[in-house]
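Build out the structure end to end from the sequences listed, making use of the hints.
There are 2 protein chains.
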Amino acid sequence: MSRRRVLALSGGVGGAKLARGLAAALDPEALLVVCNTGDDFEHLGLHVSPDVDSVLYALADVNDAERGWGRRDESWNFLETLRQLRPDEAWFQLGDRDLATHVLRTARLRRGDTLSTVTDELRRGLGVACTVAPMSDDLISTVVETDEGDLPFQEYFVRRRCEPAFRGMRLEGIEGAWPAPLFSQWLEHPDLGAVVICPSNPYVSVDPILAVPGALHRIAKSRRRGVPVVAVSPIVGGEALKGPAAKMLRELGHQASALAVARHYTERDLLDGFVLDRADAALEGAVAELGVRVLVTDTVMRSADDSQRLARELLATFASSY
Amino acid sequence: MSRRRVLALSGGVGGAKLARGLAAALDPEALLVVCNTGDDFEHLGLHVSPDVDSVLYALADVNDAERGWGRRDESWNFLETLRQLRPDEAWFQLGDRDLATHVLRTARLRRGDTLSTVTDELRRGLGVACTVAPMSDDLISTVVETDEGDLPFQEYFVRRRCEPAFRGMRLEGIEGAWPAPLFSQWLEHPDLGAVVICPSNPYVSVDPILAVPGALHRIAKSRRRGVPVVAVSPIVGGEALKGPAAKMLRELGHQASALAVARHYTERDLLDGFVLDRADAALEGAVAELGVRVLVTDTVMRSADDSQRLARELLATFASSY
Chain L
0 MSRRRVLALS
10 GGVGGAKLAR
20 GLAAALDPEA
30 LLVVCNTGDD
40 FEHLGLHVSP
50 DVDSVLYALA
60 DVNDAERGWG
70 RRDESWNFLE
80 TLRQLRPDEA
90 WFQLGDRDLA
100 THVLRTARLR
110 RGDTLSTVTD
120 ELRRGLGVAC
130 TVAPMSDDLI
140 STVVETDEGD
150 LPFQEYFVRR
160 RCEPAFRGMR
170 LEGIEGAWPA
180 PLFSQWLEHP
190 DLGAVVICPS
200 NPYVSVDPIL
210 AVPGALHRIA
220 KSRRRGVPVV
230 AVSPIVGGEA
240 LKGPAAKMLR
250 ELGHQASALA
260 VARHYTERDL
270 LDGFVLDRAD
280 AALEGAVAEL
290 GVRVLVTDTV
300 MRSADDSQRL
310 ARELLATFAS
320 SY
Chain Y
0 MSRRRVLALS
10 GGVGGAKLAR
20 GLAAALDPEA
30 LLVVCNTGDD
40 FEHLGLHVSP
50 DVDSVLYALA
60 DVNDAERGWG
70 RRDESWNFLE
80 TLRQLRPDEA
90 WFQLGDRDLA
100 THVLRTARLR
110 RGDTLSTVTD
120 ELRRGLGVAC
130 TVAPMSDDLI
140 STVVETDEGD
150 LPFQEYFVRR
160 RCEPAFRGMR
170 LEGIEGAWPA
180 PLFSQWLEHP
190 DLGAVVICPS
200 NPYVSVDPIL
210 AVPGALHRIA
220 KSRRRGVPVV
230 AVSPIVGGEA
240 LKGPAAKMLR
250 ELGHQASALA
260 VARHYTERDL
270 LDGFVLDRAD
280 AALEGAVAEL
290 GVRVLVTDTV
300 MRSADDSQRL
310 ARELLATFAS
320 SY
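Heads up: the sequence lines are chains L and Y, in that order. Residues 0 to 321 in numbering that gives the first Met the number 0 are what the first sequence lists, from first letter to last. Residues 0 to 321 in numbering that gives the first Met the number 0 are what the second sequence lists, from first letter to last.
Think of the hints as simulated: they come from the structure by calculation, not from any bench. Predicted model, so just to flag it, every value in this text is computed and none were measured. Treat the hints with caution; some may be incorrect.
[What the hints assert, rightly or not] Partial list, derived from the structure: chain L residues whose beta carbon lies under 10 Å from chain Y:
#1 D72
#2 L81
#3 Q83
#4 G94
#5 T100
#6 A106
#7 R107
#8 L108
#9 R110
#10 R123
#11 R262
From the three backbone atoms N, C-alpha and C, an ideal C-beta is built for every residue, glycine too.
Now the structure itself:
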């Protein structure tokens, strides 16, 4: 029996690029992308799920690759008009097309649908073939602990542009939370062939997914039956390709390096494989010393082709059925 | 003491044109426009107040005069994207700029603000100087009774394009409703100089306002102390300038004429003055026989100048302080 299913854990834009590559490399029914929802928030009464949306838009090929987030062919007339009405509430960039997602999601949640159900409806509406799920249907909110005090994630990330120094984070609502049904089902599925940690911020994107009660335990169980966990470094040449990961590592007293990311996961005995960029080839030995198999290749995904090549290489290296 | 305040009762687009003329003719603090909210509805979880918005947009001079409704320089990317996601839920035309109003209103209502408070916030945001209020802060829903059964107003008006024959209407929620604070305050204000019924549909735009408990009684009290009630006919030459008023009159067995509109109001002993279009000059005698003073003039408002001239003429004729 071949284990063909791949469970990818993803944050926003960076992770979404690899998710897209995996979707191109795998049959649709063989891929589940589980997205961080710790940075979900309510803005103007709308439930916004930035990471879910980044993944959906990338998988649907409607994402704006140049801007790096949101939808292609976007317009901003809603935001411009809102700014005239209430300049103080127009700080979060909501595009006109993007709004369709938020309005529909909010309407569904208010009538009682779960975030999983809404995500699946959006996925189908966008024509995405593989499965996408939130990490949990429960509300979990990332609070960033900074030298200026605690900040809700989007306050830190968007409004303050990650300027305050990162001291740590906590997840409000995590105690009573359950994993989304698909997340727990796939983690226990006999056909599971690999868990892929996408190149997302280890602190504020991946850790929330791993913190969902039962997730780490089930990943450990999968590893015992031979399912590898493979992470792709979001740090290349000492810098994050996008977002504050490198800055956060430094502010916590680490070197901003792919090695620190690998260590972040191996400290929890979580990792079997690690993908390093060629720019970090010098770190290969140090990562291997952590007890991890290393693939050194080009990890910077500038195109859909890059994504697919990286996904295929990763699967061929670490997931024997591919 | 001069009675300078004018209280205008308005439905959507047609009424909004006269409201705009009144705003140009009066000091800002001398005008309150009370809008029908019977056609308010929730769409995709958003609270939409079509008549309030038509009035606000006209007063702010951001309305689209050519299309006849909504905002100028509008774009439709939200709707286009929603149609791709859920074609069945994209039947109501929500423009990208217009959405700012609905999203802000909905957010405010959900946090507990009244419709009056939100309307005032929107008014200020749009730079409208005179006061605008909903008829009530309570939810009142117009149900249109047709030969095909009962239909929520927007189902009848937008989805069914007013095709089913009109048999009558009723207002769900009207029993326990209170008038909005400004509506009742102005009706009882010693400076009230005139009540103007704008050229709006008598059945589905004006009647809901008059049906708010206490409204008719207070208008009668004002009339007893000499405050005239003046209506402008929404029917010109036997046809409604916009909307289904003429069709409704015919379906109820009336002639579709300005006379039938005047009769609709005099039957409730409500009217002191009536404004007829020159096209209907032949009806002047018949309307006067109802015991109403008649002004015959040009009532079709094609421009802001038309609106202002009509408003000034109306005030000069019926409200002695102007």
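Checked hints:
no.: 1; hint: D72; verdict: 8 Å, holds
no.: 2; hint: L81; verdict: 4 Å, holds
no.: 3; hint: Q83; verdict: 7 Å, holds
no.: 4; hint: G94; verdict: 8 Å, holds
no.: 5; hint: T100; verdict: 7 Å, holds
no.: 6; hint: A106; verdict: 4 Å, holds
no.: 7; hint: R107; verdict: 8 Å, holds
no.: 8; hint: L108; verdict: 9 Å, holds
no.: 9; hint: R110; verdict: 8 Å, holds
no.: 10; hint: R123; verdict: 9 Å, holds
no.: 11; hint: R262; verdict: 42 Å, violated
Checked against the numbered hints above, the structure violates only hint 11.
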